[in-house]
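Asks: Required output: the full structure, derived from the provided sequences and hints.
Protein sequences, first through last, are from chains C and U.
With this note's numbering, letter number 74 in the first sequence gets 74, and the count goes up by one each step, no holes.
Residues are numbered in this note's numbering as their position in the second sequence, beginning at 1, plus a constant of 1000.
Chain U side only, calculated, beta carbon under 10 Å to chain C, not exhaustive:
| id | residue |
| --- | --- |
| 1 | TYR1097 |
| 2 | LEU1128 |
| 3 | PRO1154 |
| 4 | ILE1213 |
| 5 | THR1267 |
| 6 | LEU1277 |
In silico negatives: residues of chain U with every beta carbon more than 12 Å from chain C:
| id | residue |
| --- | --- |
| 7 | TYR1052 |
| 8 | ARG1063 |
| 9 | GLN1185 |
| 10 | GLU1257 |
| 11 | ARG1304 |
| 12 | VAL1315 |
| 13 | PHE1316 |
Calculated from the structure, these hints are not laboratory results.
For every residue, glycine included, the Cβ atom is placed at its ideal position computed from N, Cα and C.
Residue strings, one per chain:
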Amino acid sequence: MCLAIPSKVVEVYEDGTALVDTLGVKRKISLELMPEPVNVGDYVLVHVGFAIQKLDEEEALKSLELFEEIIEEMEKEEGMYEG
Amino acid sequence: MRVEEISIFEAYKDKERVLKLSEKIKKLSEKIGRTVNIMEFCGGHTHAIMKYGIDQLLKGVVRFIHGPGCPVCVMPMQRIDLAIELAKRKDVIMCSYGDLLRVPGSKRKSLLNVRAEGADVRMVYSCLDTLKIAKENPDKKVIFFAIGFETTTPQTAVLIKKAKEEGIKNLFVVSNHVITPAAIQHILNAPEIREIGKVEIDAFIGPGHVSVIIGTKPYHYFAEEFQKPVVIAGFEPLNVLKAVYLILKQIYKGRAEVKNNYTRFVTYKGNLKAQNLVAELFELRKEFEWRGLGTIPYSALKIRKEYEEFDAEKVFEVELPEPKEHPACICGKVIRGVARPTDCKLFGTVCTPSNPLGSCMVSSEGACAAYYKYRRALVQ
Ligand code: SF4
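Replies: Have a look at this one:
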């Protein structure tokens, strides 16, 4: 019930709605809860027919790219615990 | 560079990384020297933990306590009875989200059952669909049975606002919107909850999508006041594991802080536009009954007086007898984290997802449904 699904914005309409692609399924959603403008190509989190947030691409990339670094950091910190 | 979310999903499921991270967690756990009890509040996490076998992977390291974070599961039976009574009226079209339609009420009847008997019950994907239904059926009273935590409340706010703006007179809403921090606080405050089943909660995995709306701000109080770490997480296995790691790290260091592990969607303040809309349309109920948790003060929302013409509870009068739970269903205990679904005598035999006796088996985010689907719990 609370699971929202990231979807790609395919078209934005003037009436505050947009067409999004959710894992291959296209549907119309409302942008009325979006605090910022949404553009074609953006990824938004969609829940019960409304976009509720835009994907922060920078953060998404960071959290992925940094994964190896996190493991490394963990190893370093573990060293710290031991010390 | 554009991020392909699909590939992100895959990356967060990467087996090698999952195993590597769980090894780190186990090492850290050895230093802590005991099993850490973590309550995942959100049903989406329960689902992920069972689906990817994280509970098995971390056996002895972490005990996951499945919290009350599934709106269908915490809906008291009397509210379902109310929906059914309203739906039975000849002049009513009853609308709600899919899962709710299957929850059995007192007489083991669900909204779907009364639909089979001729009531006009409709499943909607978006609550705005009800606006359309109301316009198409001017001679009917269209009722939206609204349900959900903070993730679905702003949508209902948009619906009511639009109905008012458009002068719609035949649309009504039953608000069953509940509040996450109130439930967490109740769990932490209630001594009997710890006593009944001796549930000891060391930390929380904070809900990912609820936090998209409310931000991470409300959780700081819990971390400070109750000295419980809260880590907000997404729903892929690596997200959950990293949350566990960040919790264990805090416990090892004797800290209790809020960490945001879902920064690609969650911010400190959350979605202010949505929050403001909710504040404009709703106000706190003095109390609300939660299935399994009992009555919790200021834990749910009702429609503000200015919009009461849309409040089905004000417009329709319904007398309801005391609800009768199925005597053997232990959903309430499951929600409080004092029993596991497999402790229930009916689990998997009499009660299954296709014939659910209790709400925890209805929604795919319910603990009983997750246990049933992934079955591992049976061989534990
Ligand atoms: S298995 Fe069914 S009857 Fe038992 S607690 Fe879960 S929902 Fe209730």
